[in-house]
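Asker: Listed here are the chains, written in short residue letters.
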Amino acid sequence: MIPASFDYVRASSVDEAVEVLADAGEEAKVLSGGQSLLPLLRLRLAYPSVLVDVGRLPELRGVRDEGGHVHIGATTTHDEIIRSPVVRAGCPLVALATATVADPAVRHRGTFGGSMAHADPAGDLPAVAVALDMEFVLRSTTGERVVTATDFFTDYLETALEPGEILTAVRVPKLGEGWGYHYEKFHRTAQAWAIVGVAAAVRVTVSESGARHVAEARVGLTNMGPTPLRATAVESAAVDAELPPVPHATANGSPSTARLPSANGSGPHDTLREAASLADGDTSPTADLHATPDYRRHLARVLTHRALTHAAATV
Amino acid sequence: MTRITVTVDGVAHEEEVEPRLLLVHLLRDRLGKIGTPVGCDTSNCGACTIMMDGRSVKSCSVLAVQADGSELLTVEGLADGPTWHPMQRAFHEEHALQCGYCTPGMIMAALDLLKDDPDPSDEAIRHGLEGNLCRCTGYSNIVKAVRRGARAMSDQEVTT
Chain A
1 MIPASFDYVR ASSVDEAVEV LADAGEEAKV LSGGQSLLPL LRLRLAYPSV LVDVGRLPEL
61 RGVRDEGGHV HIGATTTHDE IIRSPVVRAG CPLVALATAT VADPAVRHRG TFGGSMAHAD
121 PAGDLPAVAV ALDMEFVLRS TTGERVVTAT DFFTDYLETA LEPGEILTAV RVPKLGEGWG
181 YHYEKFHRTA QAWAIVGVAA AVRVTVSESG ARHVAEARVG LTNMGPTPLR ATAVESAAVD
241 AELPPVPHAT ANGSPSTARL PSANGSGPHD TLREAASLAD GDTSPTADLH ATPDYRRHLA
301 RVLTHRALTH AAATV
Chain B
1 MTRITVTVDG VAHEEEVEPR LLLVHLLRDR LGKIGTPVGC DTSNCGACTI MMDGRSVKSC
61 SVLAVQADGS ELLTVEGLAD GPTWHPMQRA FHEEHALQCG YCTPGMIMAA LDLLKDDPDP
121 SDEAIRHGLE GNLCRCTGYS NIVKAVRRGA RAMSDQEVTT
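Chains A and B, in that order, are what the protein sequence lines are.
With full-length UniProt numbering, letter number 107 in the first sequence gets 107, and the count goes up by one each step, no holes.
With full-length UniProt numbering, letter number 15 in the second sequence gets 15, and the count goes up by one each step, no holes.
Derived from the structure by calculation, the hints contain no laboratory data.
We treat Cβ as the ideally placed atom computed from N, Cα and C, and that holds for glycine.
Please note that a few of the clues may not be correct.
[To be verified] Every beta carbon over 10 Å from chain B, so not counted as near; a handful from chain A, in silico: (1) Ile2; (2) Glu27; (3) Leu31; (4) Arg42; (5) Asp53; (6) Arg109; (7) Ala122; (8) Glu135; (9) Leu157; (10) Gln191; (11) Arg203; (12) Arg297.
[As the list claims (entries may be wrong)] Derived DEER-like restraints, expressed as beta-carbon distance ranges: (13) Val206/A - Ser121/B: 27 to 37 Å; (14) Val14/A - Glu16/B: 45 to 55 Å; (15) Glu93/B - Asp155/A: 38 to 48 Å.
[As the list claims (entries may be wrong)] With the C-beta cut set under 10 Å, the calculated list includes, among others, these residues of chain B facing chain A: (16) Gly32; (17) Ile34; (18) Val65; (19) Pro82.
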C-alpha cells in the first residue's frame with residue numbers, strides 16, 4: 001500500500017530536528033532507517049503529518065568505547081553494530097542479539113535507536129537493554145536527560161520519549177571479565193519476530209579443582225509482556241548453580257554462537273533448570289496467531305535454560 | 001514535492017517526488033525499472049531487493065527521498081549488453097526459479113552475500129537469503145545456483 005501524505009524535513013543537525021519536533025508536537029515522527037516506521041506507514045497504522053529524517057546526521061551515528069560503557073549512536077545500523085569490534089569486545093550480547101534481527105537487507109537500513117524507540121515487545125534489542133541496564137540519552141529543545149532501560153520502556157509500543165524528544169544515543173555498561181553471553185530466540189521463520197526471546201549474561205567462576213559455578217546472572221525476556229522484562233527471580237536462583245565442564249571452547253562473543261544447537265541438560269544442570277523454571281513469574285504474555293499465553297510461558301522457561309547454559313559455556 | 005537525484009544502473013536521474021513515494025515505485029513507475037517487483041506489504045518477502053550504495057535493501061521499505069544522492073543497482077543493471085551476469089546464468093542453469101517472481105531479489109541478495117563471503121557454504125547461503133521468500137522451488141536449486149554463480153564470478157573475477 002501507499003502511505004498517507006506527510007511533510008518531510010531532512011534535518012541538518014540534531015538541534016534543527018528537535019526544533020521541528022517541538023513545533024510539530026505529537027503529529028511528528030522521527031525517521032532514520034525506517035525499517036519499523038515504513039511498514040506502519042504503508043499499512044496506514046500511523047498517520048504522522050511530518051517526518052523528521054535524522055538518518056544522515058553523523059553526530060547520531062557510530063560506536064565509541066568510553067571506558068566504562070560503550071556509546072552507541074542512535075542511528076548506527078544493525079549491520080554496523082554486528083561488524084563493530086568495539087561492540088563485540090565491550091558488549092558482545094548486543095552483537096549476538098542484533099545478528100538475529102530480521103534479515104541482512106533490513107539490518108543494512110534498520111538502526112539500533114530506531115528499534116529501541118519503536119519498542120515492539122517482540123523486538124530483540126529491548127530485552128538486551130534491560131538485561132544490561134543500558135542508559136538512554138534523550139534530547140529536546142530544553143536539554144538532555146538520561147533514563148534507564150526499565151524506565152524507558154513504559155508500555156506496548158510506548159517509551160519515555162515525550163513529543164519533541166529524540167533518542168540520540170544509548171550507553172551500554174560493560175560487564176567486565178568472566179561473563180558469557182547468549183541470545184536465544186524462538187520464531188516461526190528465519191526473519192520473523194520473536195515469539196519469545198531470552199537474553200542472558202552469566203559470570204562464571206572456576207575453582208582450583210576446575211568446578212564451574214554461576215557467580216552472577218542477567219536475564220532479559222522478549223515478548224513476555226507489553227514491555228521487555230528482567231527475570232530477577234531467575235537471576236537470584238541461578239547464583240551458585242554448578243555448571244558442566246565445557247566440552248568445546250567457543251569463541252567468546254562471536255555472533256555465530258547464537259546458532260549453537262541446544263544443550264541437553266542433566267545432572268549438574270539441575271539448579272540452572274530450576275532457576276529457569278521461574279522465568280515466567282511476573283510476566284503477562286499475550287495471545288496472538290502464533291502462541292497462547294501458556295505456550296509463551298513454557299517457551300520462556302525452556303529458552304531461559306538454553307540461554308543460561310549456552311552463555312555459561314562461552315566462558 | 002522534493003527534488004532528488006539518484007543513479008540507477010549507471011544512469012543519473014533527477015526527479016520531483018512526493019515524500020511518501022516508495023523507492024520501488026520510483027524505480028518501476030517513474031523510471032520504468034520493472035525488473036524489480038513488489039511482493040508483499042510487510043518487508044518480508046525480499047522480492048524488491050536492490051543494492052543501494054553497494055548493500056542490499058528492500059526497496060519497498062525505503063522512501064525515494066531517503067535515496068537522494070544514492071547509487072542504485074537493480075537486477076536490470078547486471079547484464080553486460082546481451083551477456084547475462086554469471087549469477088543470472090547460474091539461476092537459469094540450475095533451474096533456480098519456477099514462476100520467477102522472487103528471482104530478482106534472490107539474485108541481488110545473493111550478490112550482497114558474496115561481498116562478505118565470496119565462497120559461501122550452503123548454510124551461509126541459506127542464512128544470507130533469509131530475507132527472501134520463494135514459494136515455488138523449495139530453495140534447494142536456489143542454493144545450488146548461488147554456489148555455481150559464486151564459482152563463476154570468482155573464475156571471471158566479477159565482484160558484483
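Asker: Could you let me know if the closest chain B CB is still more than 10 Å away from the CB of Ile2/A?
Answerer: Ile2/A not clear of chain B: closest Cβ-Cβ about 7 Å, inside 10 Å.
Asker: Regarding Val14/A and Glu16/B, is the given constraint of 45 to 55 Å on their beta-carbon distance met?
Answerer: violated (28 Å)
Asker: Minimum C-beta separation from Glu27/A to chain B exceeding 10 Å: can you confirm that?
Answerer: holds (14 Å)
Asker: Would Arg297/A pass as off the interface with chain B, using Cβ distances and a cut of 10 Å?
Answerer: holds (27 Å)
Asker: With 10 Å as the threshold, tell me whether Asp53/A passes as away from chain B on beta-carbon distances.
Answerer: violated (7 Å)
Asker: Given a hinted range of 38 to 48 Å, is it respected by the beta-carbon distance of Glu93/B and Asp155/A?
Answerer: The hinted range 38 to 48 Å is violated for Glu93/B and Asp155/A, with Cβ atoms some 54 Å apart.
Asker: Confirm or reject: Ala122/A is not an interface residue toward chain B, with every Cβ-Cβ distance exceeding 10 Å.
Answerer: holds (14 Å)
Asker: Given Val65/B as an interface hint, is the shortest Cβ-Cβ distance to chain A below 10 Å?
Answerer: At 6 Å from the nearest chain A Cβ, Val65/B passes the 10 Å test, so the hint holds.
Asker: Would the hint on Pro82/B stand, with a C-beta cut-off of 10 Å toward chain A?
Answerer: violated (29 Å)
Asker: Would the stated hint for Ile34/B survive a check requiring a Cβ distance to chain A of less than 10 Å?
Answerer: Constraint on Ile34/B not satisfied, violated at 17 Å.
Asker: Taking 10 Å as the cut and beta carbons as the points, is Arg203/A off the interface with chain B?
Answerer: holds (30 Å)
Asker: Quick check on a hinted range of 27 to 37 Å for Val206/A and Ser121/B, using CB atoms only.
Answerer: Holds, since Val206/A and Ser121/B (Cβ atoms, about 34 Å apart) stay within the stated range.
Going through the hint list in order, the structure does not satisfy hints 1, 3, 4, 5, 6, 10, 14, 15, 16, 17 and 19.
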